[in-house]
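Novice: Residue numbers (my numbering), protein chains in the order written: chain A, 2 to 292; chain B, 187 to 531; chain C, 712 to 1005; chain D, 39 to 273; chain E, 9 to 259.
No wet-lab data here; the hints were simulated from the structure.
Quick reminder that beta carbons are idealized off the backbone N, C-alpha and C, glycines included.
Incorrect hints may have been included.
[Stated by the list, open to error] Okay, the calculated bits of chain E under chain A, using three or more residues with CB under 8 Å as the criterion: (1) 89 to 100; (2) 106 to 117.
[To be verified] Below, a list of computed lysine-lysine pairs in the BS3-like style, where the Cα atoms sit at most 30 Å apart: (3) Lys991(C) - Lys78(E); (4) Lys143(E) - Lys157(A); (5) Lys249(D) - Lys113(D); (6) Lys228(E) - Lys123(D); (7) Lys133(E) - Lys84(E); (8) Lys888(C) - Lys288(A); (9) Lys133(E) - Lys56(D); (10) Lys801(C) - Lys56(D); (11) Lys143(E) - Lys234(D); (12) Lys249(D) - Lys53(D); (13) Lys288(A) - Lys123(D); (14) Lys123(D) - Lys143(E); (15) Lys133(E) - Lys157(A); (16) Lys70(E) - Lys228(E); (17) Lys505(B) - Lys449(B); (18) Lys24(E) - Lys70(E); (19) Lys888(C) - Lys143(E); (20) Lys801(C) - Lys95(D); (21) Lys158(D) - Lys888(C); (22) Lys86(A) - Lys84(E); (23) Lys801(C) - Lys236(A); (24) Lys143(E) - Lys56(D); (25) Lys86(A) - Lys123(D); (26) Lys991(C) - Lys123(D); (27) Lys123(D) - Lys53(D); (28) Lys876(C) - Lys123(D); (29) Lys158(D) - Lys228(E); (30) Lys991(C) - Lys24(E).
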Amino acid sequence: MIISAYQTHIFILIFIYIILAVSLNLALGYTGLLNLGHVAFYGIGAYTSALLAIEGMPYLAAMIIAGLFASVFGYLLVTATDRLKGDYLAMATLGFSFVVYSLLLNLREITRGAMGIPGIPKPSILGLTVRTNDQYLIFVLLICAISVFIMYRIVKSPFGKLLEANRDNAVCLRVLGKNTFGLKYKAMMISAFFAGISGSLYAHYITFIDPTSFYISELILILTIVIVGGLASIKGSIVATAVIIYVPEILRTLDLPSSVLGPVRQALYAAILIAILMLRPRGIFGKVDLE
Amino acid sequence: CTDTEEVTEDTGEDTITVGIMGPYTGGAAVYGNAAKDGAMLAFNEANLSNVEVIVEDTKSETKEAATAMNKMVSVDNVQAVVGDLISAATLAAAPIAEQNQVVMISPASTSTDVSDAGDYIFRTIPGDDGQGIFAAQTMSDAGYTKLALLYTNDQYGNGLATIITEEFTSLGGEIVAEETYEAGSSDMRTQLTKIKDANPEVVYIVSNTPDSSVALLRQVTEIGIEADIYGSEGLKVGSILELGDSVEGITITSVSPESEEFKQKYMDEYGEEPPAFAAQAYDAATAIIMAIEDGATNGEEIKDKLYEMEFDGASGHIKFDENGDVEGGYVLVEVQDGAFVTLEE
Amino acid sequence: MSLLAQSIINGLITGSIYALVAAGYSLIYSTNNFMHFAHGISVVAAGYMVYWLFTLAGTPFYVTCIITVILSALFGLAMYRLIYLPLQRKGASNVILLIASIGILTFFQNVIQIAFGSGVKLIGYIEVAKGITFAGITMTLLQIVILVISFIIFIMLYQFMQRTKLGRNMRAVSNNKELASIVGINHIRVSDFSFLIGSGLAGVAGILVALEQNLSPLMGTNLMIKGFTGAVIGGINYVPGSIVGSFLLGLAENLGILVLPSGYKDAIAFSMLFLFLLFKPNGILGKKEGRFDK
Amino acid sequence: MLVIEDLYSGYGELKVLKGVNISVGKNEIVALIGPNGAGKSTVIKSIFNISDVSSGKVTFRDQDITGLRTHEIIKLGISYLNQGKINFSNLTVKENLMIGADQIFEPELVEEGLERVYNKFPDLRSKENELAYTLSGGQQQMLALGRSLMQRPVLLLMDEPSLGLSPKLQKELFETIAGLREEGISMLIVEQNAKKAIELADRTYLLEDGKVVLEGGKEILENEAIKNVYLGGRY
Amino acid sequence: MILSCKDIYKSFGGIKAIDGCSFTVAEKKITGIIGPNGSGKTTMFNVISKLIKPDSGTIEFKGQDVTGLKDYELAKMGVSRTFQDVKLFQNLTIREHLQIAMSDTDEKLLSNIFRGKEGDAQKIKEVMELVGLDKPLDTYGNDLSYGQRKLLDLAIAIAKPHTLLMLDEPVAGVNPRLRDSIKDILRELNSRGESILLIEHDMNFVMDLVDHIFVMDAGKVIAEGAPEEIQNNPCVLEAYLGGSEEGTKCL
Ligand SMILES: Nc1ncnc2c1ncn2[C@@H]1O[C@H](COP(=O)(O)OP(=O)(O)OP(=O)(O)O)[C@@H](O)[C@H]1O
Ligand SMILES: Nc1ncnc2c1ncn2[C@@H]1O[C@H](COP(=O)(O)OP(=O)(O)OP(=O)(O)O)[C@@H](O)[C@H]1O
Ligand SMILES: [Mg+2]
Ligand SMILES: [Mg+2]
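Chain A on its own, in the form it takes in the complex (with noise of 0.2 Å):
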């Protein structure tokens, strides 16, 4: 083993929240939708291929119907949210967020609410089970990988060009024939799809999950990371996820009197947050500007 079982787990959730992060990237800094409900298309993920696979189902048709499920959830967003903008949208979504973690506290009779779900299972494909964290680096490694060649290539391509140009003026973009609708909502849909393949990813490492892990810290988090890497930029989305995952890990090594630890080392991370933006206001390689 090349490098410590510790480091392989920050390798983990750093390939997870790239998916979560590069999938947020997509709605929000391409096609201009300040999507704060994000964060529940990754609980929804989780939920849904932890709970199918606890009931038998085998862990890649879990995962596959986590991000579609996720993705249905993104079709209704956005058809709810179709007038909104900037943050008015940012608002609605917000409080999507937010009712999708009341409903994974309170409907206890499918979610078990604030119990969570211990013993998720670790995935298994064709008979293979992904056992130890340098197996499961492997998987993600893997996942990700697809996930993040699949969106580059999406908005690469003519019709990425097309999500940006609805971020930047959909109401030119509608006299050109093109229906933006139509486009808002594959975009908000791909997105949800792999913001659920990471909830899946997650859930199946951590093997627990409760509401809590679904919630605004997460939503923060995400959205530090898009913006903090630049809008409409995935490699910034990749590096930051990189960046803002590891700096915190730093920190830990810092020499701290425990009484102080947890506190310091936070607003540390905070300064350094600043800081980050002083220096690259746009984020770390982003060029647009939402409006």
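With the hints as your guide, set chains B, C, D and E with the ligands onto chain A.
Specialist: Relative to chain A, chains B, C, D and E with the ligands alone:
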């Protein structure tokens, strides 16, 4: 990240690393810090030359708990861990500990799921069922028949509420109202209004975030609920005493109290009464220390020793059953003259 | 019956707390157009200021209040001048400022925890006692004071935004910063004022919240989210609307759980937000914005 | 009144103005014409420090204003009618106008100014309390012009004031401009309608590719270069 | 008739922006709309292109009732338009603008994933030359001067496949020399069989170019006819050109 607080120097030979993990930021930070202080007290006292202690913050989050456990297991090579507190965090970290044969002793996770979390997973606090049954019986014995429940909508609250409901109704009582609130929120007026409206004889409150506890008890007074107030051990935090007269007479069901000896030691060290879970953490640490003193050098050996040992700890008699759970005694604690007073049975 | 009446009162009390937070927040938003999430920490910092000055240092209460409001205002100004303005000068867009503000919030939350500990703090200026009961409705004197104060702030903000030059210029800056300077408005000065006044209001909110509830380092986030939701429901681009929206939110939450299990309290709040945005995106009182000028 | 000396300016990497010298005398109307993208707007933006000025000097009434902040320059008595987003779309028409009068502290003068604008553009009066974004393109232009007039400037810089106005209003606008000069206001006007501009102005600068290529009075109307290349057939 | 609008009404709150307008655009002809500021011309454009829903009235395009269609559906049928307040994609380059305008397959996600940037370089160059926009193709929409924006807007409207071209003040802010060449372009397009509907305040431009003119005032069509007729119509002179002194009563 080595915590150097008065811990013995690393002698270099066969050092055994022990971890402490818990929430030092986030909503449950108060309890996290108390547990850490309690555990450190034990390690400092034992002053073992071959034990090194490290501390990791899990921010009241499950993902952080998994990360902290991974880090301690593979970087620091810990053999045993005191923590986590929140059941969800414990459950997220447990599979990692189990897989790496690292002992984990939670001083505070009461979820029934923890029993099944694995061979290496122990706790020095009895599960929810214990406290729930005790609370229901106590209230029933005291002659109450109409109970209102107010609990935080999380693992702890739900777990406890379910058991109390079952037990209290089976004892012939009636649940006249059941209300929840979001952990950390500070506005429960309408829940309390509904409870007041249901006219219970007694209200049982489950709370594990101090800010909510304080807000809640204040509003109980303001709204003018006449029923007697009982509550879970989470209410046993110093801050609620500042509410003065209005918390007088509140009864808290608590795991058997810390020994006077521990209380004194804790007061000497930290200048305040031990908050909830400090004694349990002290005992968790003590159990690990005893195993090591007994010659255990790795997780597996510590685990084996734990299943065999039996001692009178700060929080009561400790003997782990086959699930790694302890039998706990419970007592009633009442607020009298601005202090927590343990009632004699 | 009294259950309903009491719940309405509870809703108003809750709403008035949200309103206190929302008022300053929406004032800042309506000038600067970005979500200043760190407003929550201004409120919390003000609360701790009261705790420090009054409870720990024994400063007379009224002096404490005055100092707190002034320092809050300056705290807000400092955030603008030291963080937001430099970012804006470098061309950071509003989403970047949003993230920066979350950073500020996190930073100060932890600074407060380091300074004061993670435990709950009480001010203890007013003794906790059963409220005044009138016609089956119970509420404390302080709650009445808070209600009245939010009402006064509502009137004052309305007058301020609609009738004063500064209020109008704030709206102008929010609408188009570049154009504002082209017509001779010093948009930095205007933003200064919006942060001063808005954060001063956060100071007022902090004092009252500290008295009515209690202090913990993390309380800012929750307050902020609810205050913000109230602001959106009322019309975020219309400052007095945010106060009305906050009351409505408080009412909806408290009345909603009369019917639904109380676990759905937050869900009710956010569903309401969701519905409002769908059917009345500019809020109850908010004016329709120039959507076509994109 | 206004002297621009050897101005180099642009946007980031892009250099637009390459050594521009322009002056506006007291009580003078100066026109600035040139093809699209020549840098006309950039000249005005440079005065206000909205573009990136790399070198050169701008003086106003013998005061060096290079590098002053935009609103400070405006307060010296200059009014600027820009191109593009010209109004506060979410403020009412009246509020937009009143913003022009921000620095005028005598209520009578403000009232009088308002009346004057409303008389000139009756459309604005009828839409006094409408939000500005509801105005038609031409009405927007009127509103921006009106706001400039409300400012009671000593120097008026206008970037294509006639844009989108109906022929009737265009004609009136040029009359107004002539009238303003009588009130002692100096003006720098960017115009596409080169013929009208030259006729109206005391002096005209022709800007091409960031340089002044021609300068002169009304006689340049006869200049063959302008006639053929710039004015186009009919003008 | 390629386009015909019947009895269109549209009011915003109390303002009757369009107050019973009917008119037709003949196939393969250039039709102009003129009228004073605020007379409802742009609103009419918005109604036709479906950005605004009329309160009542019907619209037919190519003999088909299109009243119920969505904006993009109508655009797909072959209506192309520009905006008075130019609308561009600020973060996209000129090339990308034109690629989007020209492509009709880019909305298909799956068939697109493995395709790179497309777009006929030759055609893009042509359009750029046609409108006289002299800027590198990788300039962002944000970095154009006002006139250049107008030209780009015109370019994408022309590049988009269409049969009816609707132009809202296409030469406002455009340099006179280019106005003449744009006039030629429009004639050229027209001779290739395109129908054009345009709003313009520049009388020289309009009168020279169009076959038929509608004059709007206060939301109504107050006159229509050939350019020569209109130029001598006292109503038009009064309402629009400000020429007639006698104040003839119109309609
Ligand atoms: N969204 C809107 N809300 C309210 N009123 C509007 C709106 N859009 C246009 N109007 C009004 O409708 C009338 C017609 O406007 P329109 O933009 O169609 O005029 P126009 O003929 O294009 O004028 P111009 O030549 O100045 O561009 C105007 O009085 C305008 O103020
Ligand atoms: N914000 C900007 N960023 C980058 N380049 C710009 C910007 N604004 C203008 N330019 C470029 O600078 C040059 C000059 O622009 P300017 O706006 O001064 O032209 P103009 O003479 O006013 O033209 P028009 O008659 O079209 O308004 C143009 O080539 C344009 O592409
Ligand atoms: Mg220009
Ligand atoms: Mg128009």
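Novice: Check whether the Cα positions of Lys158(D) and Lys228(E) lie no farther apart than 30 Å.
Specialist: Given pair Lys158(D), Lys228(E) holds - Cα atoms ~24 Å apart, limit 30 Å.
Novice: Given the hint that Lys876(C) pairs with Lys123(D), does the C-alpha gap stay at or below 30 Å?
Specialist: The hint holds at about 22 Å.
Novice: Lys991(C) and Lys123(D): Cα distance at most 30 Å?
Specialist: Cα-Cα ~27 Å, so holds.
Novice: Hinted pair, alpha-carbon criterion (30 Å max): Lys86(A), Lys84(E). Please report holds or violated.
Specialist: holds (24 Å)
Novice: Quick one, are Lys991(C) and Lys24(E) close enough, alpha carbons at most 30 Å?
Specialist: With a Cα-Cα distance of about 24 Å, the restraint between Lys991(C) and Lys24(E) holds, given a limit of 30 Å.
Novice: If you look at each residue in the stretch 89 to 100 of chain E, do at least three have a Cβ nearer than 8 Å to any Cβ of chain A?
Specialist: holds (count 8)
Novice: When you check the alpha-carbon spacing of Lys505(B) and Lys449(B), does it fall within 30 Å?
Specialist: holds (21 Å)
Novice: For the pair we were handed, Lys123(D) and Lys143(E), check the Cα-Cα distance against 30 Å.
Specialist: Answer holds: Lys123(D) to Lys143(E) is near 22 Å, not above 30 Å.
Novice: Hint check: Lys991(C) vs Lys78(E), CA-CA at most 30 Å. Holds or violated?
Specialist: Measuring from Cα to Cα gives roughly 23 Å; hence the hint holds.
Novice: Holds or violated: Lys24(E) with Lys70(E), Cα cutoff 30 Å?
Specialist: Holds, at about 28 Å.
Novice: Given the hinted pair Lys86(A) and Lys123(D), is their alpha-carbon gap at most 30 Å?
Specialist: holds (20 Å)
Novice: Keeping to a limit of 30 Å between CA atoms, is the pair of Lys133(E) and Lys157(A) held or broken?
Specialist: Distance of about 22 Å is within 30 Å: holds.
Hint compliance for this structure: every hint is met.
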